[in-house]
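Q: Since chain A is already given, all that's left is putting chain B with the ligands on it; use the hints.
Chains as they are written, first to last, in numbering that gives the first Met the number 0: chain A, 0 to 630; chain B, 0 to 169.
Rather than coming from a laboratory, the hints here were simulated on the basis of the structure.
Predicted, not measured: the structure shown is a model, and the values here were computed from it.
No false leads were slipped in.
Partial list, computed: chain B residues near chain A (C-beta under 8 angstroms): (1) F24; (2) Q27; (3) D33; (4) V36; (5) A50; (6) A51; (7) N54; (8) D55.
Below are the DSS-like pairs computed for lysine-lysine, each with C-alpha atoms no more than 27 angstroms apart in a straight line: (9) K122/B x K415/A; (10) K142/B x K415/A; (11) K116/B x K61/B; (12) K116/B x K142/B; (13) K61/B x K226/A; (14) K601/A x K557/A; (15) K41/A x K38/B; (16) K152/B x K74/B; (17) K415/A x K152/B; (18) K226/A x K38/B; (19) K41/A x K226/A; (20) K365/A x K226/A; (21) K45/B x K61/B; (22) K415/A x K61/B; (23) K61/B x K74/B; (24) K365/A x K320/A; (25) K152/B x K142/B; (26) K152/B x K61/B; (27) K201/A x K226/A; (28) K137/B x K61/B.
Taking beta-carbon pairs under 7 angstroms as the criterion, some of the chain A residues facing chain B (in silico): (29) L184; (30) V228; (31) L388; (32) L395; (33) P422; (34) P424; (35) V425; (36) Q426; (37) A485.
Backbone N, C-alpha and C define an ideal beta-carbon position, used for all residues, glycine too.
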Amino acid sequence: MTLLEIHEPGETPLPHAGEGSLAVGIDLGTTNSVVAIAREGKPAALHDETGKAMVPSVVAYPSSGGVLVGDEARLLMPQEPRNVVASVKRLMGRGAADLHTVAGVLPYEIEPGSGETDMVKLRIAGKARSPVEISAEILKALRKRAEEALDKHVERAVITVPAYFDDAARTATRDAARVAGFEVLRLVNEPTAAALAYGLDKGSEGLYAVYDLGGGTFDFSLLRLEKGVFQVLATGGDTALGGDDFDRAIAERMLAERKKDGLDDQVDEAAVKAALALARHMKEQLSDRDQTSGRLELLAVPSFHALTRAEFEAMIADYVKRTLGIARNVLADANMTAAEVQGVVLVGGSTRVPLVRIEVARMIGKPPLTDIDPDEVVALGAALQAEALTGGGDTLLLDVTPLSLGLETMGGIVEKVVPRNTPIPVQLAQDFTTYQDGQTAMAIHVVQGEREMVADCRSLARFELLGIPPMTAGAARIRVSFAVDADGLLTVSAEERTTGVQQRIEVKPSYGLSHEDMADMLYDSLENAEADMTARLLTEARVEARRSLLALDAALAKDGALLDAAERAALDQGRARLESAIAGEDRDEINAAAEALETLSKPFAERRMDRGIREALAGKSVNELESRVGE
Amino acid sequence: MNHFARLGLPAALDLEPAALDRAYFALQRQWHPDRFVAKPPEERAKASTEAAALNDAYRTLKDPLSRAVYFAELKGVELPADGKTIDDPELLMEAMEAREELHEAGSAEAVHALAAKAREDMKNSLARLGSLFLRDDKPAIRKALLRLRYLDKFAEEARARRMNLERSSA
Ligand SMILES: Nc1ncnc2c1ncn2[C@@H]1O[C@H](COP(=O)(O)OP(=O)(O)OP(=O)(O)O)[C@@H](O)[C@H]1O
Ligand SMILES: [Mg+2]
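The shape of chain A in the complex, shown without the other chains (with noise of 0.2 angstroms):
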């Protein structure tokens, strides 16, 4: 536009949508997930239009067609709960042994993977959807939160995880954010974010422990900070454990006192889900007070459950009592004791249960900290750490593997070659040799865990180094090196030593994607695209219009004396076209309402400008004239 470009002193202008792009931070939660930003270390979480931050992981695919996440996913939910998802990160990178049931009944349809091992699918309307691109939905609906609170192309992000995660579930939580558009700038574990959030905003040095227990997920950190310096320890938790299994005991009390009145012989996946839901909502009541009640409803029969916390506490103890048990081991392994530890940061809506709090507090010796709000400090040290990525910063994050990192040797037993707790990145090699004399070939076997037996480990992956030069047993030299990227990922590679013969393969094939899956996704994503841009257009041309009109009516308040009657009123008519076109969805008829404008404003520009050389020809300075513009 023409118009003189006026800004209010000291404000620079709104810039361009697409010019240039901002980094987030996203807590892609098991119950809920989050997006903030941080400006100059100011991290925030970003609002909906009523002021929630947190969007629920729910995702549902309605009979009428189209995507729903969040709120509005979960409305669904008591009309068509077979289309409507939750808790799916349960499911990221997991085959379908890993799955929990309610009364038997698993709360959605599986398609197991094609082989045995793979991560399963959910059968929803009629189609098999991986957890991968189920996730991809809530962030591409955190994406367009952000956009739209930003005014901005949002494309980088660092996206947490739960510091437990194995390869496969963070290999998986990588390519769902690709599928949703999102350059992962670092995948970043989920207490570690937390204690950047709470670190730089108390200033707190020392050794600190952060227990976080969400919907899905426990972990266990303990770090030491230190002068910018976020060290992680040592970590440990468990990614099946929060306040999904304690609903999952209410449920299961309420549908088992209903078979026993004889109420229904037969639950469904419906019921599952309902009685998931009502269990959660007196579980969260419980937080409050000493006794809940509630009504299922289910196929038209009612019936009415109590609870008390104290048989609530009673159903959860084991459950309890199994952080504790984790957090000891943390603290063994880093070879630190309860009172060396100055304070505990509380994370996840589970930590509001008082049975929790009860027993951190008393394991470690003091009342837990949370000053910062436990709903949104992973998302802000998330933002915090994008900040840090893109445009520079001091602070030093130092993380660990969680999982030590094997190869399967004679006997089914694991050979550990990188242990838990070593710190990231890391490039770690152990040599091994044939067994058989004239041996051409190795199996390559690629397992994560503690325990001894590969059978009792993940397999993240099997390959062979074919080649070998035949030998006698014992006389060829294999190299296999594991390097963990800073995101904990992990490649391996093999090499006979002695000839030079070599493989190199990313790890991911077991519980990952196919590339045939990871196209079909990247294919509807991009049939999606168009939508999402068209979309994003129109958001652009109505932040556009919507600028000119503030630039103009700000110079109507000053000068508008320059303008005569019917001026003033072909003005006017040109201002409520284009605003009306603001309101509709059409772009082209917003750019050219916009560009109409522009030609009728012209002459007022012009007259506005000479004015203004004639103000500064008698001796003010243009800084001077550009503040007085902009009053």
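A: Chain B with the ligands in isolation, oriented as in the chain A frame:
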């Protein structure tokens, strides 16, 4: 480059933990991949290799036992690669007796006491290593290190057993 040199520290059996941390943090500030996110791939790869080598060095030198083993190897003491083989009959005997004791310990407290004894033993043996290095008595260093390795494994096993006992009694 050896681990001491990589961290800019003099090769020695005893290291002040704070000095090790200082050197390590300063170099990681320079090389950690987080500082290279926007750099071209070659620079990123170099930083990653450098940071990994620093981590390897730090990890090796931080723990007194692994530092002692590494230092001994620099001095030409040869040790079996895995920690499992015991070729010293005296140590073998000691190990068998200790294992029996561990199996007989029925309570978490009893197991804890055994682990604590092993750790105490380790501390004292580590403290005595210095004089062996001064005399450059390679066979004695080797013998002491093998025993230390065994004690470390034993303490680890005791810890696992204690966890199991605590879990089953919980
Ligand atoms: N007042 C409350 N009392 C008890 N539990 C609560 C309360 N508020 C929330 N929760 C529980 O906290 C869990 C959600 O926590 P949070 O949002 O931290 O999880 P998440 O980040 O989505 O999951 P994760 O970190 O495991 O991936 C749910 O199980 C929820 O029921
Ligand atoms: Mg969480």
